[in-house]
Amino acid sequence: MLKLFKYEWKKQMGSKLIIGLILLALCAFYVLGTLLKRDGWPEIAMVLLVLVGMFAAIYVGIESLLVLDKDVRTKESYMLFMVPKSAYQILAAKILAAIFQILLTMVMFGVAFMVCFTAYIAANESLADMLNYLREIIEQMFEVEIEWDKVLLVLISMFVSWISMIASGFAAIISVRTVLSRTKLAGVLAVIVYLLINWGTNWLTGKVNGLSTGADTEMLYYCLGLGVTAVITVILLVFSGWMAEKKLSV
Amino acid sequence: MLLECSNLAKYYGRKPAVRNISLKLETGHVYGLLGPNGSGKTTWMKMVSGLVKSWKGSILYQGQTLNYHDKAEIAYMSTEPFFYSFMKVRDVGTYYRDFFDDFDEERFGRLLERMELDPNDKARTLSSGMAAKLKLAATLARDAKLYLLDEPLNGIDLVARDRIMETIVETSAPNNTIVMSTHLVDEIEDTIDGAIFVKKGEIVLAGSMEELHAQYNESVADLYRKIYG
Numbered sequence: 001m002l003k004l005f006k007y008e009w010k011k012q013m014g015s016k017l018i019i020g021l022i023l024l025a026l027c028a029f030y031v032l033g034t035l036l037k038r039d040g041w042p043e044i045a046m047v048l049l050v051l052v053g054m055f056a057a058i059y060v061g062i063e064s065l066l067v068l069d070k071d072v073r074t075k076e077s078y079m080l081f082m083v084p085k086s087a088y089q090i091l092a093a094k095i096l097a098a099i100f101q102i103l104l105t106m107v108m109f110g111v112a113f114m115v116c117f118t119a120y121i122a123a124n125e126s127l128a129d130m131l132n133y134l135r136e137i138i139e140q141m142f143e144v145e146i147e148w149d150k151v152l153l154v155l156i157s158m159f160v161s162w163i164s165m166i167a168s169g170f171a172a173i174i175s176v177r178t179v180l181s182r183t184k185l186a187g188v189l190a191v192i193v194y195l196l197i198n199w200g201t202n203w204l205t206g207k208v209n210g211l212s213t214g215a216d217t218e219m220l221y222y223c224l225g226l227g228v229t230a231v232i233t234v235i236l237l238v239f240s241g242w243m244a245e246k247k248l249s250v
Numbered sequence: 001m002l003l004e005c006s007n008l009a010k011y012y013g014r015k016p017a018v019r020n021i022s023l024k025l026e027t028g029h030v031y032g033l034l035g036p037n038g039s040g041k042t043t044w045m046k047m048v049s050g051l052v053k054s055w056k057g058s059i060l061y062q063g064q065t066l067n068y069h070d071k072a073e074i075a076y077m078s079t080e081p082f083f084y085s086f087m088k089v090r091d092v093g094t095y096y097r098d099f100f101d102d103f104d105e106e107r108f109g110r111l112l113e114r115m116e117l118d119p120n121d122k123a124r125t126l127s128s129g130m131a132a133k134l135k136l137a138a139t140l141a142r143d144a145k146l147y148l149l150d151e152p153l154n155g156i157d158l159v160a161r162d163r164i165m166e167t168i169v170e171t172s173a174p175n176n177t178i179v180m181s182t183h184l185v186d187e188i189e190d191t192i193d194g195a196i197f198v199k200k201g202e203i204v205l206a207g208s209m210e211e212l213h214a215q216y217n218e219s220v221a222d223l224y225r226k227i228y229g
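As you go down the protein sequences, you meet chains L and Y in turn.
Counting in my numbering, the first sequence runs from 1 upward without gaps.
Counting in my numbering, the second sequence runs from 1 upward without gaps.
Just so you know, not all the hints are guaranteed correct.
[Stated by the list, open to error] Sample of chain Y residues facing chain L (criterion: CB under 7 Å; computed from the structure): (1) Val52; (2) Lys53; (3) Trp55; (4) Gly57; (5) Thr65; (6) Tyr68; (7) His69; (8) Tyr76; (9) Lys88; (10) Asp91; (11) Asp98.
Source of the hints: derived by calculation from the structure; they are not laboratory data.
We put the beta carbon where it would ideally sit given N, CA and C, even for glycine.
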């Protein structure tokens with residue numbers, strides 16, 4: 001499966017290179033503007049960084065769906081489906097690649113913001129001020145009562161929701177391409193099916209959550225919703241794998 | 001028996017691509033799958049290579065229902081270019097090496113030289129003829145049990161065709177089977193030892209070259225003209 005992962009990774013690297021180059025240019029713009037005391041440059045660079053960040057988050061979030069759609073729509077599908085690997089392995093490799101691509105993008109933006117932050121501190125404050133500033137931040141972090149279990153739950157929730165979105169997309173693309181492989185409207189129909197699956201998932205999660213109104217804690221209520229989403233995600237992935245294995249023609 | 005197809009059918013919407021094909025292939029033969037465009041040759045090959053799922057019927061490979069493991073022994077070459085757009089010619093070899101244990105990198109290198117392909121060229125920028133050669137080089141560098149070559153001579157110039165047919169003959173061995181689909185019957189008549197004529201998704205005539213000659217006393221090319229003319 002690692003070999004499948006290697007090629008799924010390569011398929012999505014083009015966009016990361018572009019994002020990386022844009023980040024590099026914006027960082028350079030910010031750093032130069034900050035160090036040379038050019039009015040407006042750092043502000044413009046920061047606004048652009050945030051905008052690029054928002055766009056990148058959306059694009060990278062759904063890129064694996066775009067890649068899968070291309071994989072089943074074009075002749076490149078032969079490359080993927082002629083290898084002696086099961087459809088389940090292929091989909092697992094795709095999900096793994098999607099997760100690592102998101103992580104890579106987060107790291108790239110983290111580094112970019114760190115560079116900008118460092119330039120800002122270096123240009124506007126002395127080393128002592130910078131250390132004081134860092135100390136203040138750390139102190140504030142520890143003074144504020146952070147409920148780490150809730151933070152963790154929110155992070156897990158975001159991750160599960162995103163994987164659920166990917167699983168819905170896989171199910172929509174594979175089922176539409178299986179039933180209507182030669183229809184030009186397959187792309188539009190896949191989006192409609194995707195929205196329907198998401199609506200169904202939310203409806204089911206809401207129903208199950210409704211059963212737990214007597215739950216003692218907010219945490220339990222939250223975990224229940226998360227559990228339902230996770231189960232639906234697994235069902236969607238197994239369904240997608242089965243469809244691709246038994247019914248999908250490329 | 002290497003491969004046995006029974007009552008295979010595939011429809012695209014209401015249009016039949018393959019209807020009721022039953023066929024047995026034995027090891028150690030080179031078969032010509034003959035018929036004009038749209039007769040169902042490609043769909044049949046894709047079904048055997050696991051890319052297209054049949055609507056009905058069965059495919060047995062070495063006596064077992066065909067499954068994804070069998071792709072390790074079946075080398076399919078599509079008629080269209082299918083390599084990933086980010087690949088160079090040498091990356092195609094790496095991809096095949098990564099996924100097929102029977103892939104011979106040295107043979108791939110020799111075939112690239114013979115086909116005058118530069119390993120550093122981008123696969124997507126190759127002309128249709130060069131892309132066809134690359135597909136063949138990658139496919140024939142495998143030591144597969146069953147080769148399915150869909151229109152291997154399409155887009156290839158006359159001189160290169162001889163070289164390709166030589167390579168196919170070299171690849172042919174007692175422990176493998178080659179199926180070539182084509183409508184260029186004259187080009188392959190001397191190479192094949194069995195012919196399968198497909199028309200509108202059905203087999204209309206099949207047999208070994210000896211059987212066909214004994215029965216009809218005509219060349220395969222003449223039979224082709226008679227059937228499709």
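Given Y/Asp98 as an interface hint, is the shortest Cβ-Cβ distance to chain L below 7 Å? holds (5 Å)
Is the interface hint satisfied for Y/Tyr68? The criterion is a beta-carbon contact with chain L at less than 7 Å. Constraint on Y/Tyr68 satisfied, holds at 5 Å.
Hint status (Cβ of Y/Tyr76 to nearest Cβ of chain L, threshold 7 Å): Hint holds; Y/Tyr76 Cβ to chain L Cβ min 6 Å, cut 7 Å.
With a cut-off of 7 Å, does the beta carbon of Y/His69 approach a beta carbon of chain L closely enough for the hint to hold? holds (6 Å)
Chain L contact restraint on Y/Asp91 - CB to CB distance below 7 Å: Y/Asp91 check fails; min Cβ-Cβ to chain L is 9 Å, beyond 7 Å.
Let me know if the C-beta of Y/Trp55 comes in closer than 7 Å to any C-beta of chain L, holds or violated. violated (10 Å)
With 7 Å as the cut and Cβ atoms as the points, is Y/Thr65 at the interface with chain L? violated (12 Å)
Restraint check, 7 Å cut-off on beta carbons, for Y/Gly57 near chain L: At 14 Å from the nearest chain L Cβ, Y/Gly57 fails the 7 Å test, so the hint is violated.
Does the CB of Y/Val52 sit less than 7 Å away from some CB of chain L? holds (4 Å)
Does Y/Lys88 meet its interface restraint, that is, does its C-beta lie within less than 7 Å of any C-beta in chain L? violated (12 Å)
Holds or violated: is the Cβ of Y/Lys53 closer than 7 Å to a Cβ in chain L? holds (5 Å)
In summary, the numbered hints that this structure violates are 3, 4, 5, 9, 10.
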